[in-house]
Amino acid sequence: MALSQQTIRFVTTQDEVRLAWAQRGPGVPSAPAMVKAANWITHLEYDWESPVWRHWVRFLCEHFQLLRYDERGCGLSQQDVQDVSSANWLPDLEAVVDAARPAEPFVLLGISQGACASIAYAVRHPEKVSHLVLYGGYVRGWALRENPDHVREYSALVDFAELAWGRPDPLYRRLFTKRFLPAGSEEQLQWFDELCARTVRPAMAGRLLRSRGLADAADLLGQVRVPTLVVHARGDLVSPISQGQQLAAGIPGAEFVQVDSPNHILLEHEPAWQRFQDAVLDFTGVQSRAEDLLFANLAPREREILAKLVGGLSNAEIGKALFISEKTVRNQFTRIFDKLGVANRAQAIVFARDHGFRVEE
Numbered sequence: 001m002a003l004s005q006q007t008i009r010f011v012t013t014q015d016e017v018r019l020a021w022a023q024r025g026p027g028v029p030s031a032p033a034m035v036k037a038a039n040w041i042t043h044l045e046y047d048w049e050s051p052v053w054r055h056w057v058r059f060l061c062e063h064f065q066l067l068r069y070d071e072r073g074c075g076l077s078q079q080d081v082q083d084v085s086s087a088n089w090l091p092d093l094e095a096v097v098d099a100a101r102p103a104e105p106f107v108l109l110g111i112s113q114g115a116c117a118s119i120a121y122a123v124r125h126p127e128k129v130s131h132l133v134l135y136g137g138y139v140r141g142w143a144l145r146e147n148p149d150h151v152r153e154y155s156a157l158v159d160f161a162e163l164a165w166g167r168p169d170p171l172y173r174r175l176f177t178k179r180f181l182p183a184g185s186e187e188q189l190q191w192f193d194e195l196c197a198r199t200v201r202p203a204m205a206g207r208l209l210r211s212r213g214l215a216d217a218a219d220l221l222g223q224v225r226v227p228t229l230v231v232h233a234r235g236d237l238v239s240p241i242s243q244g245q246q247l248a249a250g251i252p253g254a255e256f257v258q259v260d261s262p263n264h265i266l267l268e269h270e271p272a273w274q275r276f277q278d279a280v281l282d283f284t285g286v287q288s289r290a291e292d293l294l295f296a297n298l299a300p301r302e303r304e305i306l307a308k309l310v311g312g313l314s315n316a317e318i319g320k321a322l323f324i325s326e327k328t329v330r331n332q333f334t335r336i337f338d339k340l341g342v343a344n345r346a347q348a349i350v351f352a353r354d355h356g357f358r359v360e361e
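The numbers in the sequence shown follow this note's numbering, run straight up by one, and end at 361.
None of these hints come from the bench; they were simulated from the model. Beta carbons: idealized from backbone N, C-alpha and C, even for Gly. There's no promise every hint is true.
[What the hints assert, rightly or not] The list that follows gives simulated cross-link-like pairs (lysine-lysine, BS3-like), each with its CA atoms no further than 27 Å apart:
hint, residue 1, residue 2
1, 308, 320
2, 308, 327
3, 327, 339
4, 320, 339
5, 339, 308
[As the list claims (entries may be wrong)] Derived DEER-like restraints, expressed as beta-carbon distance ranges:
hint, residue 1, residue 2, range
6, 299, 12, 42 to 50 Å
7, 163, 241, 51 to 59 Å
8, 12, 354, 34 to 42 Å
9, 326, 168, 54 to 62 Å
10, 326, 258, 47 to 55 Å
11, 101, 79, 20 to 28 Å
12, 166, 300, 54 to 62 Å
13, 296, 152, 26 to 34 Å
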């Protein structure tokens with residue numbers, strides 16, 4: 001599918017910090033807007049190459065006009081920042097939204113610590129948010145939780161990150177990345193290791209991690225007045241599922257979906273990733289529009305031919321059914337493949353089925 005080109009821009013916050021943001025979508029004006037609050041370890045450019053994040057950004061951009069940004073101290077945003085406390089999360093999100101001016105009301109997505117910022121934004125600006133989607137979020141940061149062993153464990157990890165983040169041997173960072181992706185492949189872990197090293201300087205890593213420890217959205221949950229979906233991985237080691245359950249219990253009318261994964265960042269091969277996609281599309285009402293967005297560039301005859309292909313017909317059978325020559329069918333497939341970004345019949349079938357193309361024409 002053809003996506004619009006990503007353009008990276010910058011906005012300066014009230015405390016003079018430069019934030020990098022980007023917008024990208026399916027190239028269809030009717031696609032709803034989504035704003036993704038910043039979360040740990042992102043890079044507006046490298047995320048498109050990473051097997052850890054690329055399926056996330058591609059899925060979101062295929063269905064929404066996606067606005068995302070790198071947090072202060074990370075990625076393409078300003079790195080030499082004095083204040084990286086959680087108190088900046090809401091004003092930074094507001095600054096990016098004000099600069100980008102996405103269509104309102106928009107879907108607001110909060111992943112991990114982005115959930116706290118998203119909750120605060122939805123409480124302060126309910127008229128701007130159509131749906132609130134929280135994944136892997138938490139009510140309170142690790143330093144404020146009741147389990148003392150949990151606090152000690154996280155504190156030790158942060159100390160270790162401050163000591164060893166910049167070392168060339170990824171073994172030290174691996175202790176950290178393994179918590180995010182315990183079921184990740186060696187390639188995925190290597191990519192995440194490299195992403196960590198590329199996007200955050202050693203001195204900043206510990207400071208950003210400590211800022212997460214003091215985040216607290218508990219007093220805001222009952223004030224949320226927008227439809228809310230909370231999705232959480234059952235075996236998440238970074239944000240325990242109890243945190244997701246507390247979010248859903250505290251937000252009036254929130255829906256809760258548990259997915260079966262040990263990973264804090266869902267990987268593309270996991271059934272849990274498909275479950276997450278289905279839940280988001282169904283909750284936001286985009287599921288019914290997904291086909292129109294993905295296949296909007298196909299002419300009526302091309303849609304007919306694609307429907308026959310998905311139905312299992314050969315070129316000759318398609319030609320006979322539509323009263324056109326087999327050569328015409330081949331020529332039509334050339335245009336269809338080009339529009340869908342696939343190379344052959346098999347890829348076209350998989351693409352159509354995976355993206356909800358209806359064969360009942």
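Status of each hint after checking the structure:
As the CA atoms of residue 308 and residue 320 are separated by approximately 11 Å, the hinted pair is consistent with the 27 Å bound. The suggested pairing of residue 308 with residue 327 holds, with an alpha-carbon distance near 16 Å, which does not exceed 27 Å. Between residue 327 and residue 339, the direct Cα distance comes to roughly 19 Å. Compliance with the 27 Å bound is thereby established for this hinted pair. With a CA separation close to 24 Å, the supplied pair residue 320 and residue 339 stays within the 27 Å bound.
A hinted pair counts as satisfied when its Cα atoms are at most 27 Å apart, and residue 339 with residue 308 qualifies at roughly 17 Å. At roughly 46 Å, the beta carbons of residue 299 and residue 12 sit within the given window of 42 to 50 Å. Judged by the Cβ atoms, the range 51 to 59 Å given for residue 163 and residue 241 is violated: they are separated by roughly 30 Å. Checked against the hint of 34 to 42 Å, the C-beta distance between residue 12 and residue 354 comes to roughly 41 Å, which is consistent with it.
For residue 326 and residue 168, the hinted distance range of 54 to 62 Å is satisfied, since their beta carbons lie about 59 Å from each other. Between residue 326 and residue 258, the C-beta spacing of about 50 Å keeps the proposed range 47 to 55 Å intact. In this structure the hint that residue 101 and residue 79 lie 20 to 28 Å apart at CB holds, the actual value being about 26 Å. Checking the proposed 54 to 62 Å range against residue 166 and residue 300 shows it holds: the Cβ atoms sit about 58 Å from each other.
One distance hint, 26 to 34 Å for the beta-carbon pair residue 296 and residue 152, is violated here, with the actual separation near 54 Å.
Going through the hint list in order, the structure does not satisfy hints 7, 13.
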